[in-house]
Amino acid sequence: MSLDVSSREPVELLSTRDRTLDAVDKSNRLSSTKTGGKMVAEYWENIFTAKERGKHVVWYNGTALNPIFQAAGLEWCHGEAFSARLAAMHLEGPAQAAGEEYGYIGELCSYARTHLGCAVMTQKGITEKQNGIVGMVDQEELASKLPSPDFFVNAYAGCSTGQQWDAMTYRVFGKEFPIFNVSLPMIWGNKKDAGYLRGSEWEKTPLYVEEQLKKLIEFIEYQTKRPFDWDALSENMFYIKRASELRLEAMALCAAAPTPATYWDWVASIAPINFMPANQALVDYFQGVKDEIQYRLDNTISAVQNEKYRVYFDGIMNWNKLGWLTRKFAEYDVAVVAGRYTHDSFWQEPQLIDLDRPLLGMAQHYLICPINHGLKIMEELLIKRCDEYGIDGIAFHSTRTCRAMTNPQHILARTAETERGIKSFFFEGDVADAAFYKDESLESGLVAMLESIDMQRSRALV
Amino acid sequence: MLDENAFATQDAFATLAVAATDPVGYAQSWKARTGRLVIGSFPMNFPSELTHATGALPVIIQESRTTITEGRSLLPEFYCSYTRSLADQAAVGELDVFDAFVLADHCVQLLGAVDVIRWAKPQIPTHFAQFISSMDDPWSQGQVIDKIASLRVEVEEIVGTTITPEALAHSIRLYNENRRLLREFYDLRKAGRVRITASQMQTLVKSSMVMDIEEHTALLRDILADLESRAGEPGQDATGSLVRIHLSGHFCAPPRPELLDVIEECGALVINDDLYHGFRYISTDVPEDVDPFDALALWYLDRNISAPCGTRVQRNVDWDSYLIGSLDESGADGVITLMAKFCEPLMLYYPELKKALDGHDIPVLLIETEHEGVAVESVRTRVETFVERIRRNKTAVPAVASGPILATN
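Chains V and P supply the protein sequences, listed in that same order.
In terms of this note's numbering, the first sequence has 414 at position 414, counting the first letter as 1, and numbering is strictly consecutive.
In terms of this note's numbering, the second sequence has 171 at position 171, counting the first letter as 1, and numbering is strictly consecutive.
Wrong hints could be hidden among the right ones.
Per the computed footprint, the stretches of chain P lying under chain V, defined by three or more beta-carbons under 8 Å from a beta-carbon of chain V, are [unchecked claim]:
(1) 115-125
(2) 130-138
(3) 272-281
The hints are simulated quantities; they were obtained by calculation from the structure and are not laboratory data.
All figures in this text were calculated on a predicted structure; none of them were measured in a lab.
Ideal Cβ positions, reconstructed from N, Cα and C, are used throughout, including at glycine.
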């Protein structure tokens with residue numbers, strides 16, 4: 001080893017944001033999801049002009065209340081969705097800086113502090129407008145474009161921060177706009193009869209939430225001064241139910257090896273299923289995704305060249321690194337085929353939706369958010385997914401500022417190893433703060449896990 | 001100062017200090033002495049009266065001072081010190097004295113830690129009845145009443161007894177009396193009649209969370225009687241040169257006593273607090289004039305009005321307004337906010353507190369704490385500077401040419 005510094009090559013210190021992998025891109029993403037990207041971009045552009053169009057705007061976080069908002073003729077801004085969008089576009093900086101300046105510490109949920117930063121910028125814009133100042137807040141900055149709310153609705157499952165975050169947004173706006181809280185208890189799963197979608201706790205809790213949703217609708221009627229359109233809600237849920245069925249059917253096709261689509265394609269499809277307007281276009285989107293996957297299956301087109309390992313992704317998405325991670329895993333012949341965030345979320349049990357009683361099915365879905373279960377149910381779901389998709393290993397995204405997703409991970413890793421002999425590794429990152437991502441941690445962990453899997457396979461051959 | 005060496009106080013305070021320092025040891029000896037069950041609860045809202053009414057010993061499980069070892073592989077490092085300590089205590093067997101665990105709070109990190117306990121100790125019953133955290137909805141009270149009822153069933157089953165309204169009412173009276181006595185210590189301190197250090201106050205409150213409540217109350221009475229016999233007139237203490245400080249924040253687990261001592265060594269006099277291991281815990285009594293089970297629900301809701309908490313949401317109640325009011329009442333010169341690192345409720349609320357304090361020209365200093373302790377000399381420097389800044393402001397010469405001086409009648 002030479003200690004002569006003059007002969008050393010300079011080290012590449014660019015962030016993963018500013019460089020691309022040297023290796024050949026072995027990933028093969030679905031092209032149909034690009035339609036979703038366009039839908040989402042148009043959705044946000046539309047939101048930005050809501051006030052000019054004289055629309056009522058609701059800010060909300062957490063669960064997918066949008067079918068209710070849509071039926072009420074509102075425009076809806078989902079806080080996490082906007083934070084994720086900023087992060088995915090690498091435009092989160094100004095919002096996070098505004099949040100930091102306001103006083104939010106960097107260890108706070110990065111979804112929350114990005115969105116709170118947006119709130120600070122929007123509030124500043126209102127104040128400046130009232131004071132007759134124009135243009136102090138840079139209107140070109142995407143983070144500052146959210147229209148101010150007419151009211152807030154909070155319905156956050158599984159994470160105490162979710163409810164407190166909206167309470168703080170309410171305060172950032174000087175408590176000038178009303179807020180409605182829907183309280184979603186955790187499905188703790190402590191009773192002997194407890195399990196996923198079963199047991200007395202499961203039977204009882206959605207009824208309590210359904211009653212709150214009725215009160216929410218009364219609140220919205222009061223705010224909008226309009227009677228709620230129940231038929232529109234049923235119609236919205238019809239589209240969501242159908243879109244969800246298609247999504248699940250398409251996901252099921254990915255049990256095939258090699259897989260025709262990956263977790264990253266499902267990540268790209270989160271926004272449509274989570275907050276896009278419920279209409280035929282939504283159904284068409286998922287029909288298109290399913291058709292492409294079916295086409296790939298029929299023509300033996302795989303999502304990763306030379307798929308050698310099938311991996312499950314546990315943790316919330318690292319939105320700054322979607323493209324990077326897609327290529328990174330593929331580089332090692334890894335197909336990430338399923339994940340807790342994509343497969344155990346977002347209207348994932350469409351059979352629960354009864355169009356004649358839509359609120360109950362909605363309440364049930366809000367409660368089966370993948371961070372709202374006790375450990376026992378989490379373990380049940382993990383093993384089920386591993387069996388369905390023939391999983392060889394698990395990548396645990398140890399999400400620095402998302403304790404809700406991180407909570408059960410260490411024990412889930414042990415459960416997978418004990419119950420199925422499935423290897424796993426942890427890597428550090430975050431939902432919307434690129435500073436926490438450690439590329440070396442991912443790479444060394446992934447390589448070590450793959451070597452373990454190789455050894456397992458060798459032993460199995462002996 | 002509360003003289004720990006004074007004859008009448010010495011033994012009593014020492015007993016409280018031992019229990020506060022080693023709650024598990026206290027629980028073990030209580031269990032051996034009485035042959036009864038010990039039920040652990042988690043902060044910050046489980047009503048201990050319910051457990052007490054069964055005859056079991058209610059203990060609020062504390063952060064251990066033990067270095068976290070096994071727990072590191074059960075919860076990530078970016079969890080608060082209390083929850084990481086809980087996971088560690090479960091893994092290394094420090095929680096084995098408990099016959100059951102109960103909780104009512106929904107903090108995401110706490111639930112993660114309790115899930116670890118459930119996993120590590122499957123033979124020990126662990127019950128969670130999630131109290132609604134949105135306090136002023138029309139259904140809030142009914143929801144809490146329902147949860148109290150389900151907790152009642154659970155603890156009755158654990159202990160194998162039935163909680164009668166009379167037994168619960170008796171427990172409520174005992175706990176109310178204990179809280180009332182502890183508030184007397186606060187009143188004496190605020191009035192400047194006695195000097196009780198922040199770490200001593202923590203001992204008084206923390207020991208009440210883990211000890212047999214009647215034993216605790218008897219000891220408090222001894223100490224209080226001694227203190228009152230020696231207390232000065234209001235405002236007559238010899239602490240006039242010290243800067244009067246309100247300690248704020250720190251939920252769930254107590255800040256380390258040595259940190260509190262360092263703060264007071266820097267010329268600060270802690271005269272009030274809203275810490276959980278402080279006034280927040282004892283702020284509110286359970287109503288005695290209604291059905292005792294319903295009274296526990298009312299207590300939970302009342303508490304967020306008496307001492308608003310960042311972990312609850314309520315439209316008509318603000319922690320920041322409460323804090324300003326509390327400072328007005330105590331005459332504190334400044335606020336030191338103690339924040340357990342990674343505590344999300346406090347991270348979320350702190351900017352609102354700071355904004356309110358800044359709006360009233362009240363100096364505030366934020367100190368983050370960790371399980372492993374803090375760099376004492378660094379804290380000392382920061383607190384000394386903070387105290388000095390307040391002193392200077394207090395003695396600043398008023399600006400010349402202000403309106404009223406020049407005004408004529």
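**OP:** Taking the numbered hints from earlier one at a time, note which ones the structure violates and give those numbers from smallest to largest.
**Re:** 3
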